[in-house]
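**Student:** Chain by chain, the residues run as shown.
There are 2 protein chains.
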Amino acid sequence: MLVLGVDPGSRITGYGLVEKQNNDIIYVDSGLIRSSNKTPFYKRIHKIFETMVEIMGHYHPQEMAIEDLFYAKNIQSSLKLGHARGAVLIAAVQCGIPIFEYTPLEIKKSVVGYGRADKEQVRSMVRVILRFKGDLTLDTSDALATAICHVNWSKFESV
Amino acid sequence: MLVLGVDPGSRITGYGLVEKQNNDIIYVDSGLIRSSNKTPFYKRIHKIFETMVEIMGHYHPQEMAIEDLFYAKNIQSSLKLGHARGAVLIAAVQCGIPIFEYTPLEIKKSVVGYGRADKEQVRSMVRVILRFKGDLTLDTSDALATAICHVNWSKFESV
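Listed in order, the protein sequences are those of chains B and F. Quick note: the first sequence uses my numbering, first residue 1, plus one each step. Quick note: the second sequence uses my numbering, first residue 1, plus one each step.
I should point out that these hints are in silico values taken from the structure, not numbers from a laboratory. Computed from a prediction, not measured in an experiment: that's the story for all the values here. Glycine included, every Cβ here is placed at the ideal spot set by N, Cα and C. Heads up, some of the hints might be wrong.
[Said to hold, decoys possible] DSSO-like, lysine-lysine: derived pairs with alpha carbons at most 30 Å apart:
hint	chain 1	residue 1	chain 2	residue 2
1	F	Lys109	B	Lys47
2	F	Lys47	F	Lys119
3	B	Lys20	B	Lys43
4	F	Lys47	B	Lys43
5	F	Lys43	B	Lys109
6	F	Lys109	F	Lys133
7	F	Lys43	B	Lys20
8	F	Lys73	B	Lys73
9	B	Lys43	F	Lys43
10	B	Lys47	F	Lys47
11	F	Lys20	B	Lys43
12	B	Lys109	B	Lys43
13	B	Lys38	F	Lys119
14	B	Lys73	F	Lys38
15	F	Lys73	B	Lys47
16	B	Lys73	F	Lys47
17	F	Lys43	B	Lys73
[To be verified] From the derived model, a few chain B residues whose C-beta atoms are all more than 10 Å from chain F:
hint	residue
18	Ile12
19	Lys38
20	Ile55
21	Gly57
22	Asn74
23	Leu138
Based on the provided sequences and hints, a complete structural model is requested.
**Tutor:** See the structure below:
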């Protein structure tokens, strides 16, 4: 099973693909969708949608995992995050990929073992779980963590 | 010039089309994109995107006007509004329709003459400006007001 994890943001959206093989979780790909501050906001949002459709069309993940929607610092950042997250959801529905949502607590617990882990700890554990040797930005490791959380969750589900 | 005005919301999105003919603004069409509370959130957001693409494909408006993004009551409603507004922006970029943004103050001033008008007053003036005799919900009259604001703004621009 190939799972796409996404960490949406209006300036940087991270994505990561992992595959469940027996009891292993294998790293497949990860990356960032970035826009400069100078790009009009609506173009940034459309770029997230367009690039997500490309990634989904290229890898055909069976399922997508994403953080659920009730966490943001303030009204303005919530509005912007909402646009970015909406772009990712629309792409998934457009491509027929089922969506699974997890709270930050569930994601951190699933990867690090406790819910108050910081992003650096999440990244370290993502590298260990996936036996990944290369560089990982914090946005891609958050996206991979979300995908890992979903794989772990499905594992429990199927027991 | 045919202008599409949109008032986005995750449960109800209003839209309205008006045409500028010489010094008149003519009513063309308006309506609502509604979803029940029972519909999963991501399906509601995709429905807004899909329906907006249909409307844009049907009417081919030259320009779209929408409220700008820095106004919402709280974090949770901002997140949801952001998703809905993102869906509308993505549809417009996808259909190649230029986007123009106005503050609620600009919209109300343009239609009613002062910025603190309530929704009922906006609706009354929309009906007068468009010589519209039928029923108008508050969501469609807000969308029509946004379109009227853009037509008036363009009028000043071209003087």
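**Student:** The structure should be examined with respect to each hint, and the outcome stated for every one.
**Tutor:** Evaluated hints:
Under the criterion of a C-alpha separation no larger than 30 Å, the hint pairing F/Lys109 with B/Lys47 is inconsistent with the structure, at around 33 Å. Taking the CA atoms of F/Lys47 and F/Lys119, the gap is about 25 Å. The hint holds against a cut of 30 Å. For the given pair, B/Lys20 sits about 35 Å from B/Lys43 by alpha-carbon distance, which is inconsistent with the 30 Å threshold. With a C-alpha separation of about 20 Å, the suggested pairing of F/Lys47 with B/Lys43 holds against the 30 Å cut-off.
The hinted pair formed by F/Lys43 and B/Lys109 meets the criterion: a straight-line CA distance of about 28 Å does not exceed 30 Å. Proximity of F/Lys109 to F/Lys133 is assessed by CA-CA distance (about 23 Å); at most 30 Å being required, the pair is judged to hold. A C-alpha spacing of about 27 Å is found between F/Lys43 and B/Lys20, which places the hinted pair at or below 30 Å, so the restraint holds. Distance restraint check for F/Lys73 and B/Lys73: the Cα-Cα separation of roughly 14 Å lies within the 30 Å cut-off, and the hinted pair is therefore satisfied.
With a C-alpha separation of about 23 Å, the suggested pair B/Lys43 and F/Lys43 falls inside the 30 Å cut-off, and the hint holds. For the hint linking B/Lys47 to F/Lys47, the alpha-carbon distance of about 19 Å falls within 30 Å, and the restraint holds. Proximity of F/Lys20 to B/Lys43 is assessed by CA-CA distance (about 27 Å); at most 30 Å being required, the pair is judged to hold. Distance check on the hinted pair: B/Lys109 and B/Lys43 sit about 35 Å apart at the alpha-carbon level, beyond 30 Å; violated.
The hinted pair formed by B/Lys38 and F/Lys119 fails the criterion: a straight-line CA distance of about 35 Å is larger than 30 Å. Proximity of B/Lys73 to F/Lys38 is assessed by CA-CA distance (about 27 Å); at most 30 Å being required, the pair is judged to hold. About 28 Å separates the Cα atoms of F/Lys73 and B/Lys47, which keeps this hinted pair within 30 Å; it holds. Of the supplied pair hints, the one linking B/Lys73 and F/Lys47 holds, its CA atoms being roughly 28 Å apart against a limit of 30 Å.
For the given pair, F/Lys43 sits about 25 Å from B/Lys73 by alpha-carbon distance, which is consistent with the 30 Å threshold. No Cβ of chain F comes within 10 Å of the Cβ of B/Ile12; the nearest lies about 16 Å off, and the non-interface call holds. Listed as a non-interface residue, B/Lys38 keeps its Cβ farther than 10 Å from every Cβ of chain F; the least gap is roughly 17 Å. Against the 10 Å criterion, B/Ile55 stays outside the reach of chain F, whose nearest CB is about 16 Å from its own CB.
Look at B/Gly57: its CB is around 15 Å from the nearest CB on chain F, clear of 10 Å, so calling it non-interface holds up. A cut-off of 10 Å between C-beta atoms contradicts the statement that B/Asn74 is not in contact with chain F; the least separation is 7 Å. The Cβ of B/Leu138 lies farther than 10 Å from every Cβ of chain F, with a closest approach of about 22 Å, so its non-interface assignment holds.
Of the numbered hints stated above, those contradicted by the structure are hints 1, 3, 12, 13 and 22, listed in ascending order.
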